[in-house]
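Chemist: Here the protein sequences line up with chains U and D, keeping their order.
With the working numbering, you'll find the first sequence wraps up at 179, consecutive numbering, no jumps.
With the working numbering, you'll find the second sequence wraps up at 301, consecutive numbering, no jumps.
Hints in this document: simulated from the structure, not taken from any laboratory.
Glycine included, C-beta positions come from ideal geometry on N, C-alpha and C.
Fair warning: there could be bad hints in the mix.
Claimed, not checked - A few chain U residues that don't get close to chain D, going by computed Cβ distances all over 10 Å:
(1) Gly19
(2) Ala32
(3) Ala35
(4) Arg78
(5) Gln130
(6) Arg177
Stated by the list, open to error - Covered by chain D, per the in silico footprint, the following chain U stretches (three or more residues, Cβ under 8 Å):
(7) 133 to 140
(8) 165 to 175
Chain by chain, the residues:
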Amino acid sequence: MSDRALAERFNEVVLPHLGDALALARWLTGNAADAEDVVQDACIKAHAGIAGYAGGNPRAWLLTIVRNTAYTWMSRNRPRGMMAVGDLGDLDEMAAAHGASLPDEDGPEASLIAKSDTAALEAAIAALPQPFRETLVLRDINGLSYRDISVMLAVPIGTVMSRLARARGLLASELGRAP
Amino acid sequence: MTVHDDGLPNDPEGIRLMIHALVDGELDAAAALAVERRIAADPALAAEHARILALQGAVSRLPRPDVSDAFRARIAAIGMASSQQPMQEQEPQRGAPSALPGLIAGAGAGQRRAADTRPSQARPSPRVRRFGSFDWRAMAASIVMTAVLASGATQWVMFNSASDSIAAEIAGDHRRSLLAASPIDIVSSDRHTVKPWLDARIGVSPPAPDLATDGFALIGGRVEVVSGKPVPALVYRHREHLITLIAEPQQGGRITEPKDVSSGGFSMVHWSDGAFSYWAISDMERPELDDFVARFRKAAV
Chain U
1 MSDRALAERF NEVVLPHLGD ALALARWLTG NAADAEDVVQ DACIKAHAGI AGYAGGNPRA
61 WLLTIVRNTA YTWMSRNRPR GMMAVGDLGD LDEMAAAHGA SLPDEDGPEA SLIAKSDTAA
121 LEAAIAALPQ PFRETLVLRD INGLSYRDIS VMLAVPIGTV MSRLARARGL LASELGRAP
Chain D
1 MTVHDDGLPN DPEGIRLMIH ALVDGELDAA AALAVERRIA ADPALAAEHA RILALQGAVS
61 RLPRPDVSDA FRARIAAIGM ASSQQPMQEQ EPQRGAPSAL PGLIAGAGAG QRRAADTRPS
121 QARPSPRVRR FGSFDWRAMA ASIVMTAVLA SGATQWVMFN SASDSIAAEI AGDHRRSLLA
181 ASPIDIVSSD RHTVKPWLDA RIGVSPPAPD LATDGFALIG GRVEVVSGKP VPALVYRHRE
241 HLITLIAEPQ QGGRITEPKD VSSGGFSMVH WSDGAFSYWA ISDMERPELD DFVARFRKAA
301 V
C-alpha cells in the first residue's frame, strides 16, 4: 500500500477517535496530562501498525493500542504504582469478595445515583480496582460492546459481564452513601 | 424462590448480569423480552434496572477530555510522516529504546485483530479465536433454546413430513429462527421501519400492520430464503409465542382462502391475496393462529 493510502487510513481510523483514546488513557493513568503522552505514544504505534488494520471496529482497534501503551508507559514511569495486571486468579477472588459485600436488595435509590455530582462520581470511578474500572470505562465511556472488550482484555465475555456488574455495583453503593 | 421457565438464569447473580446486558443492548430480542418480563414482575429487579440505567446515564454525562487543536495537530503530524520511517522521526523525541517492545506489542495486537477478521491473511491466534464471540453466542443460543424447549416441549416433534416441501422449508426456517441468536434481523415495532428495511434488502415490501391492539405485536422482520429465493418474513409476538409470517410475492395473482397446513408440531396456515402468498407459522394452538390470520387479513386489506 502506498504511503499516501496509509496516511489516509491513519486519518480515517485514528483521528476521529482521539477523544475516546484520551478518555481511556485518562482513566487508566489517572490524569489528563499523562493521557496525552500515552495517546501520542499509542498513535505512533498505531501509525507503525496501520497497514495491519483490516476493517473491524476502528475505535476498538485504537483503544487496544492505547491500553497496551498505557500499561507499558505506567510500568516505565511509575513502577511502584503499577498493580499486577493479568493475574486472573487474584481478580476472581477480588471479584468474589466484592460480590459478597454487596447485597442486592440494599442498593440506593436510582434517583440518588442520578443526582450525584460529577466530582463524587469521578472519585468513585477512580477508586475502583483497576480491572473493574477499565471494564466500566471501556463500556460506559468508550461505548465498546462486550465482545470488543473481551477480545481486548483477552478474557471470556462472562468475565467482562461480571466485572462490569461489580464495577457498577461498587459505584452505586459508593454514590448511595453520599450525604 | 420462584422458578421461571423462560430460560434465563434463576440465580440472583445470573439474572443481575442479564439486566446489565439488557441495559447495554447486548441481548437479542427474545432474551430481552424475557428479561423485561422478569423486571416487570419483580420490584427488586426493577430497582436494580433503574439503578443501572441511572448510573449509566450519570457516567455518560461526565465531561470528556477535550482534544485540543494543538494535540490534534501533533497527532495529525504523525500521520503525515513517511510511513516507512515513523520511528526514526519520533524516537529521538520520545527517547526511550524500551518503547520498542511496546511498539511490537501494539502493532501485533492490531495485526491479530486484523487476522481475526481476514482469515485468509494469516492464521488467527488461538487465543483471539477462543475469546471471540463464542462464549456469548453459546450463551444466547442456550437461553433461546431453553425458552423454546420450555414453552413448546410437548410439541417438539421431529418434522418428517414430505407432503409439502415449501411448508417443510418454512417450518424449518421458523424452527431455526427460534434457535438462532435472534429470531429477527431488524428489531422494531414500527412498521414504518420494518417495511423500508425489507424493501432496501430485497426490494419487496409486504403489508406489515401492527396488530398490537389485537394482542399481536409486530416485533420485527427478517429475510428468509424459500425455494432459493429471498422472501420477507415478519415476526409477531402473541403472549409467549412468536409468529413468523412469510410473504412470498405472487406473480399469478391467485386468491386462496386460508388453509391448514400444520405439521411437525407447528400450526401453519397458508393463504394468498393476489399480491402475496402468505405462510403463518407458530407454536400457538390453531384457533389462536386462525385468529391472528383473520385479523391480519382484515388489517392488510
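Chemist: All hints are to be evaluated individually against the structure, with a verdict given for each.
Modeler: Now the hints, each set against the structure:
no.: 1; hint: Gly19; result: violated (5 Å)
no.: 2; hint: Ala32; result: violated (6 Å)
no.: 3; hint: Ala35; result: violated (7 Å)
no.: 4; hint: Arg78; result: holds (14 Å)
no.: 5; hint: Gln130; result: holds (17 Å)
no.: 6; hint: Arg177; result: holds (14 Å)
no.: 7; hint: 133 to 140; result: holds (count 3)
no.: 8; hint: 165 to 175; result: holds (count 5)
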